[in-house]
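K.L.:
Each protein sequence line maps, in turn, to chains A and B. Read in order, the letters of the first sequence correspond to residues 16 to 91 in this note's numbering. Read in order, the letters of the second sequence correspond to residues 126 to 525 in this note's numbering.
Worth flagging that the hints you see were computed from the coordinates, not collected in a lab. Quick caveat: nothing in here was measured; it's all calculated off a predicted structure. Be a bit skeptical, because a hint or two may be false.
[What the hints assert, rightly or not] Within a straight-line C-alpha distance of at most 27 Å, the following computed DSSO-like cross-link-like pairs (lysine-lysine) qualify:
#, chain 1, residue 1, chain 2, residue 2
1, B, Lys315, B, Lys142
2, B, Lys381, A, Lys42
3, B, Lys315, B, Lys510
4, A, Lys42, B, Lys142
5, A, Lys42, B, Lys224
6, B, Lys228, A, Lys85
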Amino acid sequence: MADGRWNIAIDSGTCIGSGVCAGTSPKYFTLDGGYGTPVAEEVDADDEVITAAESCPMEAILVREVGTDKVVAPLD
Amino acid sequence: MTTVDRGACPYPFSEAKRLDLDPEYARLRDNGELARVRMPYGGEAWMATSYEDVKTVLGDLRFSRAATLGVDVPRMTPLTQTDSTLLTMDPPDHSRLRKLVAKAFTMRRIEMLRPRAQEVVDGLLDAIEAQGPPADLVEGLALPLPITMICELLGVPYEDRDRFRAWSDAALAFDAYTPEEIQAGRDGLKAYLAGLVAKHRVEPSDSLLSELVRARDEDDRLSEAELVQFGVTLLVAGHETTANQTGNFLYTLLSKPHLMRELQDDPDLLDPAIEEMLRVTPLGAAAGFARIATEDVVLSGTLVKAGEAVMTQTASANRDGRVFDNPDEIDFHRENNPHIAFGHGVHHCLGAQLARLELQVAVGTVLRRFPGLRFAVPAEEVPFKAGRLVRGLQALPVTW
Numbered sequence: 016m017a018d019g020r021w022n023i024a025i026d027s028g029t030c031i032g033s034g035v036c037a038g039t040s041p042k043y044f045t046l047d048g049g050y051g052t053p054v055a056e057e058v059d060a061d062d063e064v065i066t067a068a069e070s071c072p073m074e075a076i077l078v079r080e081v082g083t084d085k086v087v088a089p090l091d
Numbered sequence: 126m127t128t129v130d131r132g133a134c135p136y137p138f139s140e141a142k143r144l145d146l147d148p149e150y151a152r153l154r155d156n157g158e159l160a161r162v163r164m165p166y167g168g169e170a171w172m173a174t175s176y177e178d179v180k181t182v183l184g185d186l187r188f189s190r191a192a193t194l195g196v197d198v199p200r201m202t203p204l205t206q207t208d209s210t211l212l213t214m215d216p217p218d219h220s221r222l223r224k225l226v227a228k229a230f231t232m233r234r235i236e237m238l239r240p241r242a243q244e245v246v247d248g249l250l251d252a253i254e255a256q257g258p259p260a261d262l263v264e265g266l267a268l269p270l271p272i273t274m275i276c277e278l279l280g281v282p283y284e285d286r287d288r289f290r291a292w293s294d295a296a297l298a299f300d301a302y303t304p305e306e307i308q309a310g311r312d313g314l315k316a317y318l319a320g321l322v323a324k325h326r327v328e329p330s331d332s333l334l335s336e337l338v339r340a341r342d343e344d345d346r347l348s349e350a351e352l353v354q355f356g357v358t359l360l361v362a363g364h365e366t367t368a369n370q371t372g373n374f375l376y377t378l379l380s381k382p383h384l385m386r387e388l389q390d391d392p393d394l395l396d397p398a399i400e401e402m403l404r405v406t407p408l409g410a411a412a413g414f415a416r417i418a419t420e421d422v423v424l425s426g427t428l429v430k431a432g433e434a435v436m437t438q439t440a441s442a443n444r445d446g447r448v449f450d451n452p453d454e455i456d457f458h459r460e461n462n463p464h465i466a467f468g469h470g471v472h473h474c475l476g477a478q479l480a481r482l483e484l485q486v487a488v489g490t491v492l493r494r495f496p497g498l499r500f501a502v503p504a505e506e507v508p509f510k511a512g513r514l515v516r517g518l519q520a521l522p523v524t525w
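Kindly generate the complete structure, drawing on both the sequences and the hints.
P.N.:
Next up, the structure:
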């Protein structure tokens, strides 16, 4: 369903270190010093990334299409 | 000479008293021990008490909640957990369900409810003021605020509160009710939510329950049983926790007048004060929610074997001196307060932002409107409930 390349960014000022992203998708997210960090900033499109981003209570995870910068998640 | 095996310690170490934490937790934590305990039901378990260990058990997917479902696991309650809920799921099932409602509970969306929470609190305090002292802040504020908010969010009629309160009260007991009464509480909640789901099917609204019904009927994203049980979880977790913590926080402030004065003199301290009270106030009467190791894991130098159960004590983790300076002191000026009162990892409290909002508005408004607030009875006579999984006041008699 998803294709292309995505960029994952976490707003460190917004992240509260809930650990939801790293637990939901350890393949793409980890905790560094207690705060969420993408394992890689650029990844192949994968719905699991959206699930993790949409589960963040702070909406601190921004997923965009590489090249177009179109926001993939979070969407209203 | 033989090694003395101290064996498993009977748990709980003592009966939960008010908001006190048994000193045994601090001893275990500060010794760097993973405790071995014998739970009231289901046998022996490991118990994590340090910040690092608790966070590992909560955040590491090698510790499973799903593996506890329908199993005679170590626990506080006489009954095993037989219904699959958000709290007994692991990813990816857990992610599939949580994602359906996560948007409604983000910081941004919950902040939009602040005016409504303020309106509800204002109305409740108007009634208390009109009636005059003494008043009970549990019945008058701590209970009706979160019940109103979660009812409106979910689409549950507020008029039904006495019915679901009674079931919820029994469902969250360990020895305050008989096993039959606890089961009847669980069954009552399920039947009630099943009825509400049917109503939302016929008359949809923009509430969360209607949204979940649509997710089931239009997109088949969850089963009927998951839908009903999701409703139960949101309704119970949505009010029990905050209702009890609101009373507990006010009890703390009224018991420690210097803290109350500090907060009244500087209202900007409200948010950090709520975070600090979240850190130091043990909501759980005892460690709950066992997890089962799905492979061998070493915690604090102790091997937890695959298949063994681990309990977590977050209140103890929140007072770990390796993370918090003067951990037993209530300090509204902490620079860094990474408490895990809302848990950690995939089960990090879905309603955390709503709870924060309700606590901030309730505590902040009470202190502003009743500057002379004090207990209407001697502090030691303020009654706490007993035999329940969460700590809370039976009543909070105050005067002003």
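K.L.:
Hint by hint, note whether the structure agrees.
P.N.:
Each hint tested on the structure:
1. For the suggested pair Lys315 of chain B and Lys142 of chain B, the alpha carbons sit about 32 Å apart, so the restraint of at most 27 Å is broken.
2. About 47 Å separates the Cα atoms of Lys381 of chain B and Lys42 of chain A, which puts this hinted pair outside 27 Å; it is violated.
3. Taking the CA atoms of Lys315 of chain B and Lys510 of chain B, the gap is near 25 Å; set against the 27 Å cutoff, the hint holds.
4. Only pairs whose Cα atoms come within 27 Å are accepted, and Lys42 of chain A paired with Lys142 of chain B is rejected, the gap being roughly 43 Å.
5. Pair hint Lys42 of chain A plus Lys224 of chain B holds up; C-alpha atoms about 18 Å apart against a cutoff of 27 Å.
6. Our distance criterion of 27 Å between C-alpha atoms is met by Lys228 of chain B and Lys85 of chain A, whose separation comes to about 20 Å.
Checked against the numbered hints listed earlier, the structure breaks hints 1, 2, 4; every other hint is satisfied.
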